[in-house]
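Using the sequences and the hints given, assemble the complete structure.
There are 2 protein chains.
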Amino acid sequence: MDQPNRIPVPFPQVTITDAFWAPRQAANRDHGLWAVYQQLQATGRIAAYNLDWQPGSDQPQPHVFWDSDVAKWLEGACYSLITHPDPALKAEVEHVVDRILSAQQPDGGINPYFTVVAPQDRWTNLRDRHELYCAGHLIEAAIAHHQATGDPRFLHAIRRYADLIDRKFGPDDDQIHGYPGHEELEFALIKLYRHTGEKHYLEKARYFIEERGREPHYFDLEARARGEAENRPAPRPLEYWQAHKPVREQTEVVGHAVRAMYMYSAMADLAYETQDPSLLVTLRTLWHDLTSKKMYLTGGIGSSGSNEGFTQAYHLPNHDAYAETCAAIGLIFWAQRMLQLDLQSTYADVMERALYNGMLSGISLHGDRFFYENPLASHGDHHRQAFFKCSCCPPNLNRILPAVGGLMYSQTSQEIVAHLYIGSAATFNLEGGQVTLIQETDYPWDGVVCMRFKMNQPLNFTLKLRYPGWCQEARLYLNGEAISIGDHLEQGYICLDRQWAPGDEVRLQFVMAVTRVYAHPMVKANLGRVALMRGPLVYCLEEADHLVPLAAIRLPREAGFDCQFNPDLLDGVITIQATANAVDLSGEGQPLYQPTPPRTQPVKMTAIPYYAWDNRAPGEMRVWLLEDCLPH
Amino acid sequence: MDQPNRIPVPFPQVTITDAFWAPRQAANRDHGLWAVYQQLQATGRIAAYNLDWQPGSDQPQPHVFWDSDVAKWLEGACYSLITHPDPALKAEVEHVVDRILSAQQPDGGINPYFTVVAPQDRWTNLRDRHELYCAGHLIEAAIAHHQATGDPRFLHAIRRYADLIDRKFGPDDDQIHGYPGHEELEFALIKLYRHTGEKHYLEKARYFIEERGREPHYFDLEARARGEAENRPAPRPLEYWQAHKPVREQTEVVGHAVRAMYMYSAMADLAYETQDPSLLVTLRTLWHDLTSKKMYLTGGIGSSGSNEGFTQAYHLPNHDAYAETCAAIGLIFWAQRMLQLDLQSTYADVMERALYNGMLSGISLHGDRFFYENPLASHGDHHRQAFFKCSCCPPNLNRILPAVGGLMYSQTSQEIVAHLYIGSAATFNLEGGQVTLIQETDYPWDGVVCMRFKMNQPLNFTLKLRYPGWCQEARLYLNGEAISIGDHLEQGYICLDRQWAPGDEVRLQFVMAVTRVYAHPMVKANLGRVALMRGPLVYCLEEADHLVPLAAIRLPREAGFDCQFNPDLLDGVITIQATANAVDLSGEGQPLYQPTPPRTQPVKMTAIPYYAWDNRAPGEMRVWLLEDCLPH
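Protein chains in written order, with this note's numbering: chain A, 13 to 644; chain B, 13 to 644.
Don't read these hints as lab results, they were simulated from the structure. Note that the structure is a prediction, hence the values are computed from the model and not measured. Among the clues, some could well be false.
When chains are identical, the list treats them as one kind, so a pair holds in a single copy or across two.
Straight-line Cα separation of at most 20 Å, SDA-like style, residue types lysine to any residue; simulated pairs [as the list claims (entries may be wrong)]:
#1 Lys536 - Asp596
#2 Lys536 - Glu502
#3 Lys305 - Ser598
#4 Lys536 - Asp301
#5 Lys305 - Gly418
Structure below.
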């Protein structure tokens, strides 16, 4: 096991100052959090905590997963309050916390559905009913609330709930030998352990992870106990819940994508806390399976809507891509945890890919409209919405955006590791004292990153700088002097171990060219197609920029590219322009079938960053473009 | 109006002797008719006429469209008996006719569903319940039975039913002002008029056609009379039934494809009988809309499964093509009727296209397994079935196959028109006497057609020979002497007006080369794709002939073709072989995304006739191949 004491640098220690993420965070603060809060209220999700729903009443019936939506919003609101105090938001946060606490039952439980709708069903259907998942999100919210306000009352209340679960579930005869149907409680408990130092929370997380997938399968036993006929097939195969095998025997990512990401994240946390190399072996195998066979170019994952999850290797359809926003967020969580366990730049490459593309596409530029599904092509009928019936994604965006700074760095007492390049100021407490690292960069539009150190006296530590996987060519200067990158590369990081002095300056130049990307030929949907990337950004064509249908456009293999920053377009983006060939679709009088191929003509093609699509007039979109032509 | 006295030469006057259609007819006789008959029995469709179904009984409940399946089978069986007497089949035919007649009600009605299941609902839901459609098929069956046996009892009985409908429906106050929800009765009544000379049948057909689509819409009135709420939307738009506008105001083919084809066929019959030029204008407009925007290369029509019918222009997806076998058959019916009204080779071209491809694909080589849908590409999961719950297609094939000879010719008293080239002997009664025309040809494998005449004395008449639309180059010899085709072409027919003598020989050489076909560029599914045809046959690739997935194969634009007849393959077919490029799909270790395009390698590509696919091991199929590469 590598470097057990490496920890992520929490976002409160990182102030983002750039022109890319800071506006996204502001949009979330000014619009996103408020828009989602309004929907939580309008749909009855907050009022559910009044516990006054009755059969036949006019109020909407509380749903099994509503708590998780409220909790994720609370977590995001609290994160926002940490960096940007806001009395109005704080007042709503406290109002919601009050409502939640008022709904706590004498035994500690908090869950309106299982209080007023189906109390008799509590803990009888862990597989389908989301109660442990909701509990996990409430735990995360309570920790965030404690961090934001210092007020322990929500945390204390939620610990009573966590303790109830701790007593109720476990290996003893009088305990339930089950585990969550939707994983998430596992890493929430580890977070609670880290926050409180109470080891029994870690142990219970370990129990849930270790018990999962063992035979006889708990979900089957539980179904039988509910009186469901023996021969009645489960509604889905156990793979859907990653409960088909003990976790260490799992070698392929399967089932519901968000569930899978949350489970692997919890496994990574457990591996970290317990220094268990067998878990790391499993996680590396699963990571390889995911990233070499089942991940969209955008970092979107889970190609099928029917199971909101994974299908066979290389099945990555574009128009029908599910690629749920929450799954991209889950992948970011997992990647970040792998970086603490197993420092290799490939985890950060994937984290960055999902962050700038598959996750960021999930929220409108204004911050208040959302994608649940993130296809890589659209006929023009896929649009952002204010909310969803199953609305996990909007509050998940609410909580990850304020915390993006927390993804940038790891540290030990003797090293600083930079995974992401974002204009910012970050503070590190190292063995010899405190260091502030200023990043100045126009990333992701430009690959020049200037880092300066502020500290009181010279300090010995290792600075590790990720060499991005997308970059073909880079230069490094230390206080103006060129340094050979190749001499310092380890696992994809440029490692500079020296005595650093106040005012030292590291200048990175990652050459940011347009890259043509080709998919593995087993990805049928992309045969004969090419995608464009520039730095970490995946690009796409949108109908708004073209006079011909996108299906008519083919990019010649030898086409050159013209990149320009447009400050007024889509909150400021670099577009990629090229001269492409377009089939002439005009000829109304042409026969339906003829022996002559359709005429083509040159057209100007403009690609925009994928994350920014569907922020203008509705229309077609596609990432993977037909290419003129394959070599013989 | 052109040549009102042109009539199709009925199939009993045409004996097919070739190596292509004769075996298909034999397969239908030896396997197809018996296989369908067995299914009609096994599913209770014959027993339904016992009228002993009761609520709660074990027997399957008669369905509203079962009569049509039985009737089409009867019609096909009778046609087969006309050319190939078979006592065993005759006995089953008489058994079924007996069952049907035993079910006739005192008022003349024959319809088990409306006798035992829902007698109170009779004629209250013409839109959805198929009773007039079923009556039409029974009329066609009874005429066929009369032609085959000379026994008038089924015809007499069915005329009582037709007379009941004639009294019940019409413009008078005591009549129902409705029309069939599924068209077909209209042309059945015209057939009955032609068979009996009773003009009131023609008049009732005219009524049904003229009344259709007039406001207030009958289907709405009828729904209201059933007590359906005013504001309840109809289950489908009126276009589904071609009932949205009076027929002469219809300019686009819409709705359910089989319904549309049967309606246009009836309109063509009515135009022919009434010499109404306004109907011909409408039909030409509809024909142009269909064949220039909404027809598959195979002559399959109706691209969408959701309405079993038409969508917008140029929407012709390949994998999801519905292209119902019955719709191709309906198109053949319509095309053949247009040829009598409006002699232009384009109708025969389309008729031939549907006959050799979209229709013939519907039946297995052995004759006893069927396609309902005829997609132009398959992932390997689309296969022929023995029967279907809604099983209109198998008995429709049963009835068209014995009658293929009836599509070959039209005649007037002074002309013979050859629409199709099939090895055969046909007899024509012309003004001056009888002529027998012998066609010798290996069509569709070879374009040489030798025609010889047998007659007692020289006769003056015009021989019109279709110049096939697929043919780029042809030669014509009369008694060994070359004739300029260009000098004799009229509306796509080579017109030879002369005195013909016994033993005269016409030799046609239609050069039958492999043709690359491109779709109109508005057909998105086929952008960058090419299809191969040879003569009238559309070709496809099938997995069975290839070691690489079909999606990996690209046909270079300059590839040459090698055509060979394989007597042992698929009952004997000409295959088209070429060297194509295939993406190398081997590299398991390749990354999911990379900047290098996939490698390609040359592969041998083998195309087989589309009609013959899915007669070997199940697997992928595609008609439209990716082409290497588009010109710049």
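Each hint, compared with the structure:
{"no.": "1", "hint": "Lys536 - Asp596", "result": "between (26 Å within a copy, 12 Å between copies)"}
{"no.": "2", "hint": "Lys536 - Glu502", "result": "neither (35 Å within a copy, 48 Å between copies)"}
{"no.": "3", "hint": "Lys305 - Ser598", "result": "between (40 Å within a copy, 14 Å between copies)"}
{"no.": "4", "hint": "Lys536 - Asp301", "result": "within (18 Å within a copy, 34 Å between copies)"}
{"no.": "5", "hint": "Lys305 - Gly418", "result": "neither (28 Å within a copy, 56 Å between copies)"}
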